[in-house]
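Please build the complete structure, drawing on both the sequences and the hints.
Number of protein chains: 2
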Amino acid sequence: MNSKLKESIENSRRITEAELTRYIPCLEAECPTLAAAEEYMLSSGGKRVRPFLTLEFCRALGGDEKKALAFACAIEMVHTYSLIHDDLPCMDDSDMRRGRPSCHKKFDEATAVLAGDGLLTDAFGVCASNTSVPAEGIAEAVCVLSAFAGSTGMVGGQVMDLAPAEPDADGYMKLCALKTGGLISAAALLGCIAAGADEKAKNAASCYAMNIGLAFQITDDLLDAEKGDEDEGKTTILSFMSKEAARDYAARLTDAAKQALVDIPDPEVLSEFADYLLSRVV
Amino acid sequence: MNSKLKESIENSRRITEAELTRYIPCLEAECPTLAAAEEYMLSSGGKRVRPFLTLEFCRALGGDEKKALAFACAIEMVHTYSLIHDDLPCMDDSDMRRGRPSCHKKFDEATAVLAGDGLLTDAFGVCASNTSVPAEGIAEAVCVLSAFAGSTGMVGGQVMDLAPAEPDADGYMKLCALKTGGLISAAALLGCIAAGADEKAKNAASCYAMNIGLAFQITDDLLDAEKGDEDEGKTTILSFMSKEAARDYAARLTDAAKQALVDIPDPEVLSEFADYLLSRVV
Chain A
9 MNSKLKESIE NSRRITEAEL TRYIPCLEAE CPTLAAAEEY MLSSGGKRVR PFLTLEFCRA
69 LGGDEKKALA FACAIEMVHT YSLIHDDLPC MDDSDMRRGR PSCHKKFDEA TAVLAGDGLL
129 TDAFGVCASN TSVPAEGIAE AVCVLSAFAG STGMVGGQVM DLAPAEPDAD GYMKLCALKT
189 GGLISAAALL GCIAAGADEK AKNAASCYAM NIGLAFQITD DLLDAEKGDE DEGKTTILSF
249 MSKEAARDYA ARLTDAAKQA LVDIPDPEVL SEFADYLLSR VV
Chain B
9 MNSKLKESIE NSRRITEAEL TRYIPCLEAE CPTLAAAEEY MLSSGGKRVR PFLTLEFCRA
69 LGGDEKKALA FACAIEMVHT YSLIHDDLPC MDDSDMRRGR PSCHKKFDEA TAVLAGDGLL
129 TDAFGVCASN TSVPAEGIAE AVCVLSAFAG STGMVGGQVM DLAPAEPDAD GYMKLCALKT
189 GGLISAAALL GCIAAGADEK AKNAASCYAM NIGLAFQITD DLLDAEKGDE DEGKTTILSF
249 MSKEAARDYA ARLTDAAKQA LVDIPDPEVL SEFADYLLSR VV
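Line by line, the protein sequences give chains A and B. Going by this note's numbering, 217 is the number at position 209 of the first sequence; the sequence numbering is gapless. Going by this note's numbering, 150 is the number at position 142 of the second sequence; the sequence numbering is gapless.
For the record, the hints were derived by calculation from the structure and aren't laboratory data. Among these hints, one or two may not hold up.
A pair counts as met if it fits within one copy or between any two copies, since identical chains are not told apart.
Said to hold, decoys possible - Straight-line Cα separation of at most 30 Å, BS3-like style, residue types lysine-lysine; simulated pairs:
1. LYS266 with LYS14
2. LYS182 with LYS114
3. LYS208 with LYS74
4. LYS242 with LYS114
All of these numbers come straight from a predicted model, not from anything done at the bench.
Spelled out as structure tokens, the structure:
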């Protein structure tokens with residue numbers, strides 16, 4: 009990984025995690041069980057890709073990353089809630105998450121449902137409390153986060169993922185666009201809003217994010233297949249094409265993402281990041 | 009019920025339900041199962057107490073009720089999500105809700121979790137899309153809704169309700185303040201924000217809402233006891249005091265609520281509403 013990219017990812021992770029730990033103590037006095045479950049999941053590591061994108065888009069557009077920090081935390085809280093609910097017995101029924109017991113295994117199912125509900129609800133408060141952004145930007149950020157995470161976004165994608173109907177490649181890509189691409193797009197757009205960017209930059213961010221989101225999903229499917237991690241009967245991109253064709257597809261999406269960056273003043277790190285995601289499989 | 013109060017409740021219900029039905033079609037094309045589950049629960053009736061409070065506080069402060077309509081819908085969506093998740097097998101495990109099968113019985117558990125997640129997420133978008141309110145008001149409304157519905161509000165109250173520790177009367181009232189009072193307070197405050205009210209009016213609204221919220225819970229406990237609807241082992245106000253003492257307590261809370269209305273320009277309907285809630289048990 010390019011050193012400037014590595015530094016940006018590490019820096020984004022550090023400041024996001026530091027800010028997220030400030031959120032927990034407010035809960036502890038009121039509701040220790042809930043605080044413990046939320047902290048367990050928020051502190052479980054992960055790549056913090058979404059906060060990185062929020063902070064890096066703000067920087068790439070000439071904004072101070074601090075302006076985007078509350079938005080980055082809100083995005084990570086929404087992502088964390090989605091992992092908790094996805095792991096529930098009635099959903100993917102996963103006992104493990106990032107090498108540790110999943111939330112409902114470590115605590116119990118009711119606590120897991122409520123920790124997810126709490127993180128999702130609180131995320132909007134964290135988003136709307138961003139005092140570095142004018143009120144118009146706050147209202148826009150809340151609308152973006154709601155639209156990409158909600159019923160016609162990530163939640164809708166999860167419903168499609170659970171539906172028994174066998175999709176075609178286009179249907180699978182649409183599902184991925186909603187389920188994975190949605191929150192990645194929201195992350196990029198929130199960075200633009202924090203930087204006070206114009207519509208042209210926001211369109212570029214949307215296009216970049218949707219393309220790397222899909223490339224990310226395809227490369228994940230390829231990596232799972234290489235590790236022999238395939239879940240039998242689970243739809244992946246390899247249900248519809250060969251590994252070689254999937255790699256080519258991911259490369260084309262990566263190119264499209266990088267081309268979209270022409271409207272971003274300082275796109276180097278974001279361009280490197282798109283290449284890095286692809287490099288995991290080529 | 010006083011005819012002016014009745015008219016206001018009916019009018020609030022009518023315009024809220026009409027506005028809520030506009031929300032569903034956007035979902036149907038994208039995700040019909042999710043749309044069906046959300047519509048099933050949104051259209052399941054109920055008293056629509058929270059939207060009434062949002063709209064009536066706006067009116068009582070001299071605002072046009074239309075300014076508060078998006079907020080009223082957002083509050084009802086959050087209330088509806090909370091009912092769906094409360095009914096889940098791992099929570100209260102209720103097969104029925106308002107005389108119909110609960111969401112996870114009508115559909116399935118995964119759809120119920122996701123319909124709740126979708127309504128909660130979408131509610132913040134509906135709230136933030138209120139174009140009748142200046143952006144500062146939107147940001148404030150999102151913070152209020154998040155705070156009263158989130159981990160230190162309604163979700164926290166639900167966690168306390170599921171915890172096995174036997175509370176005392178004060179602990180039970182604190183739980184009710186979070187679980188029932190929180191969203192009622194948010195409803196009243198959102199009406200104030202829509203009307204552009206000052207801090208004095210907001211304090212009055214908070215005080216009124218918290219007191220009627222607690223009185224509402226106590227009178228509900230009394231009504232359940234009269235109907236023989238008590239859930240064995242479930243904590244209610246009657247776990248701590250006699251029926252007579254509970255009635256007196258509810259009457260004192262109602263008085264406190266009405267006294268708070270001295271700072272509201274046109275408090276008649278709100279005052280009648282507090283009396284009406286109490287009248288159910290005296």
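Violations among the numbered hints, reported as their numbers in ascending order: Per hint list: zero violations.
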